[in-house]
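The primary structure of each chain is shown beneath.
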Amino acid sequence: DSGVTQTPKHLITATGQRVTLRCSPRSGDLSVYWYQQSLDQGLQFLIQYYNGEERAKGNILERFSAQQFPDLHSELNLSSLELGDSALYFCASSETTSGGGRTDTQYFGPGTRLTVL
Amino acid sequence: AQTVTQSQPEMSVQEAETVTLSCTYDTSESNYYLFWYKQPPSRQMILVIRQEAYKQQNATENRFSVNFQKAAKSFSLKISDSQLGDTAMYFCAFRTGTASKLTFGTGTRLQVTL
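Quick note, the sequences are listed as chains A and B, same order.
Take the first sequence: its position 21, counting from 1, is numbered 21 in the working numbering, and each next residue is one higher.
To convert, take the position in the second sequence, counting from 1, and add 1000; that gives the working numbering.
Mixed in with the good hints there might be a few duds.
Subject to a maximum C-alpha distance of 30 Å in a straight line, what follows is the list of computed BS3-like cross-link-like pairs (lysine-lysine) [as the list claims (entries may be wrong)]:
| # | chain 1 | residue 1 | chain 2 | residue 2 |
| --- | --- | --- | --- | --- |
| 1 | B | 1055 | B | 1073 |
| 2 | B | 1078 | B | 1055 |
| 3 | A | 57 | B | 1073 |
| 4 | B | 1070 | B | 1055 |
| 5 | A | 57 | B | 1055 |
| 6 | A | 9 | A | 57 |
| 7 | A | 57 | B | 1070 |
Since the hints were made in silico from the structure, they are not lab data.
This one's a predicted model, so the numbers in the text were calculated from it and none came from an experiment.
One chain only, chain B, in its complex shape (with noise of 0.2 Å):
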């Protein structure tokens, strides 16, 4: 069975900051697919950004971007120059190549300040 552990239930970062959020998973498949999730006070799920285990490169999207180390299994999130709308819970989620199921972290609430 797959695990995704986010070890952080909570932080916090001043506008304009960096901060980097940590997601660990486990798994034995060698095709698989991560990804992250923002869900704001609104409680809509909201696509962050997409790795696929078998790239190397890593993802961006704007201020968003993934480091993916597969040895360690570890797929963190970094946030440059945070924004106030960037405040929200952030889920790190895993899928296999085959099956379609999210298996979810349990979530680090990002707090971000003025």
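Extracted from the complex, chain A is given alone in its bound form (with noise of 0.2 Å):
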């Protein structure tokens, strides 16, 4: 257990939808990552927050967005839904953002499986 929870374990929707994905970092984290996993883009990097502020950006689509709140806890807002969002979305938190140090390697949590219909 990597101290880094995310809910729901499962959504199913239907194309056209919204939906949310929440993660809590490990206790001391400032620092939450979003990755998407697919079967034909593999593991990529969407957005990155630090202690509440947007940090870096990845291949994020415009009808996806992040937030990170005061607790830290971070939620991924999908709309518009497609087919192709259908993946494996996971949440990663660091103690810090960069610099060196093993305070920077990321933890990853279980993992959202969105499946859109």
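Starting from two chains that each stand alone, build the complex the way the hints lay out.
Structure below.
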């Protein structure tokens, strides 16, 4: 158990709908990362937050957005869902954001499996 | 842009044997970090081992060790005394010293057999 929690574990929804995925980082971790794992794209970085502020953006679609709250939990919002959005969405957390040392090692949550029908 | 290549889609090893998984990467950065993550059938991503590019000594974690060849941009994972619980997808990952995002390879599926 990494200490990172994600809810829900599974989500089944229809095209055009909107969903919210939730992540609670490990105790003491300030940085949260979101990754998407799909069969055709592999594991891809979506976005990172550090202490409530957006720090880095990757291959995140405009239909997707995220935020990190004062209690450091994060939510990933996916809207106007398409069949191709079906994937495993991981949240990871680290104590710091970069700069070396083991405090920037990312620990992953169990993931949320999203199925869009 | 950084790329990570894992050229072995699937590998098989017998229990108690040793297996080596390959990973190469491409970067112009001098300061970076390399990782191996394991993803068992449960789909959980588990950190196996980490290597700092500035360290010449190869990292080891119990039965897991790496062969880090900086000039060749190679970062292989050796699993000794393989166990059935080692059956999983193994991903090689890279990040620079300044950026936080991890760039992953496509993974190697390892099957440990009796």
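Hint check results:
At most 30 Å may separate the alpha-carbon atoms for a hinted pair to count; residue 1055 of chain B and residue 1073 of chain B meet this at roughly 14 Å. Note on residue 1078 of chain B and residue 1055 of chain B: the hinted pairing holds, with a Cα-Cα distance of about 18 Å set against a maximum of 30 Å. Our distance criterion of 30 Å between C-alpha atoms is met by residue 57 of chain A and residue 1073 of chain B, whose separation comes to about 26 Å. Under the criterion of a C-alpha separation no larger than 30 Å, the hint pairing residue 1070 of chain B with residue 1055 of chain B is consistent with the structure, at around 10 Å.
Of the pairs offered as hints, the one joining residue 57 of chain A and residue 1055 of chain B holds, with about 29 Å between alpha carbons and a cut-off of 30 Å not exceeded. In summary, the hint linking residue 9 of chain A to residue 57 of chain A is supported, as the alpha carbons are separated by about 24 Å, within the 30 Å threshold. Between the alpha carbons of residue 57 of chain A and residue 1070 of chain B the distance comes to roughly 28 Å, so the proposed pair stays at or under 30 Å and holds.
Of the numbered hints given earlier, the model fails none.
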